[in-house]
Amino acid sequence: MNNTPKKDQEKLSRREFLLNSARTVGLAGLGGLMWSAYVDEVTASSLLLRPPGALKENDFLKTCIKCGMCVEACPFDTLMLAKPGDNKPLGTPYFIPRDVPCYMCPDIPCVPVCPSGALDILSVTKKAQLDINSAQMGVAVIDNENCIAFWGIQCDACYRACPLLGEAITVEYHKNDRTGKHALMTPIVHANVCTGCGLCEKACVTEKASIFILPREVALGRAGNYYIKGWDKKDEQRLKNAKEIKTTTKISERSALDSLNDMKGILDD
Amino acid sequence: MISKNKYLILRRLSQISIMFLYIIANVWGINILTGNLSSSLLLDFVPLSDPYAVLQMFTAGAVISIDLLIGAAIIVLFYMFIGGRAFCSWVCPVNMITDLSNYIRRKAGFNTIQKKQPASRKISYYAIVISLMISFGLGVTAFEFISPVSMIHRGIIFGLGFGWAAMVVIFLFDLFVLKNGWCGYICPLGGFYSALARFSFIKVNHDSDKCTECMKCKEVCPEVQVLHMIGKKSMKVLSGECTNCARCIEVCDDDALNFSIKKFIGERK
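From first to last, the protein sequence lines stand for chains A and B.
The numbers in the first sequence follow my numbering, run straight up by one, and end at 269.
The numbers in the second sequence follow my numbering, run straight up by one, and end at 269.
Extracted from the complex, chain A is given alone in its bound form:
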């Protein structure tokens, strides 16, 4: 008789234990999912320009410790740390070239101070010397519709502002078809040289800049492996290890001619 209540109590405490554990796991899951969703959302911003030498965005987000040393080292106050309300990954450094561009210091003070390696000193080093010209912060993109040089008005503000004058931006001459007797002198950006410093965007005379910097990941395409520059000896090297890939579909069951002449399914019966 005496045994029953004790047994009940034990049962209850076991039940309580299970319920409590379930509650803990459930609440941890709830918190964890909300937390993940928020973190995923705030780190998704891709339209962001990083300091010179920054790792690829994915690696940058995990490596940057958000200490702001690069911001402090920048003599032009170009760099800022993302604040709440900026809608950018919190605490990470970025710059807005239309406000303050990167002035391309030859000694690149922002990179060597980085304690975490999120700004990679090797990526801006050439022949054992710091070389700001090898930075790839972004790439300048021109809006042909609103750039007044494309209208026929003479303007070479971006070309003149470019620290790699004549290399990153060149000016091309065309005939102005509207007047028939003038020249269009239009800027063109060479993405393989452009560092994305943004001096052109800062200098642009239109109300909203018609030449602007975008992250390279956003602005540039990728040709992929299928196309090879036959005139480029180095590029042709890629063919050496190439293997033939043969695709077999229903059509390849018969000879090519038969397949071509097969009208089945094309003509109405």
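Sample of chain A residues lacking proximity to chain B, with all beta carbon distances greater than 10 Å (derived):
#: 1; residue: Phe17
#: 2; residue: Ser21
#: 3; residue: Ser46
#: 4; residue: Pro106
#: 5; residue: Ala128
#: 6; residue: Asn144
#: 7; residue: Glu167
#: 8; residue: Tyr173
#: 9; residue: Gly180
#: 10; residue: Lys240
#: 11; residue: Leu260
Stretch by stretch, here's where chain B covers chain A in the computed footprint (C-beta under 8 Å, at least three residues):
#: 12; region: 25 to 34
#: 13; region: 67 to 74
Since the hints were derived computationally from the structure, they do not count as laboratory data.
Predicted, not measured: the structure shown is a model, and the values here were computed from it.
Even glycine gets a Cβ: it sits at the ideal position worked out from N, Cα and C.
Chain B: place on chain A using the hints.
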């Protein structure tokens, strides 16, 4: 009056002067202490890094630089063997906000209408585990992107943005939702230092022979569970959750609480 608030004044001095050193480094380039609480450089030479942030970076899959490893090791060794959880009450600027909430709570009598706190002190440890899981899963430092602690110290040094909202949220949460809610229950950084602090030398010592059981210490203590021995047993406050804030020492009129140095081995619960 001053001697009764000696440690409080020292703590405020410590918290404010650390922030001040960071600010003068950022604004005027006086490099005594550069960076922020996530990672800094002392006297242009000694690296100091937030070990919890480094741990998250590691689980996120980042390559940890030597500077960060040394910096985190210095901080870990200091708090682990000397300071205990002193970061929370002597360095972290959030402490000033939560102390204010706590002060208003006591003076206005909110504690008398809400005596029990419906939450577990273990939440911060769960938060550590969850943060590491999210860091691993998403490949970003999970807590660093939402941390109000970083938002606030970064905000004070580099510009606040909407960071003031984080301050208000913590203030109101601690005032109306949960007594000592942020620092005592939720903050995973506090939990991280609690876990480290078990082994530290500097501990508060309780002399129960002198104790008159007025319970003033339990009223002010932000981590009241660590004072379980008051009036019962003469021993040191060994729990790592004690922040070494010394408020209990100050409010004690009977000299029953004092700082002491723990022996290296043999003093356990």
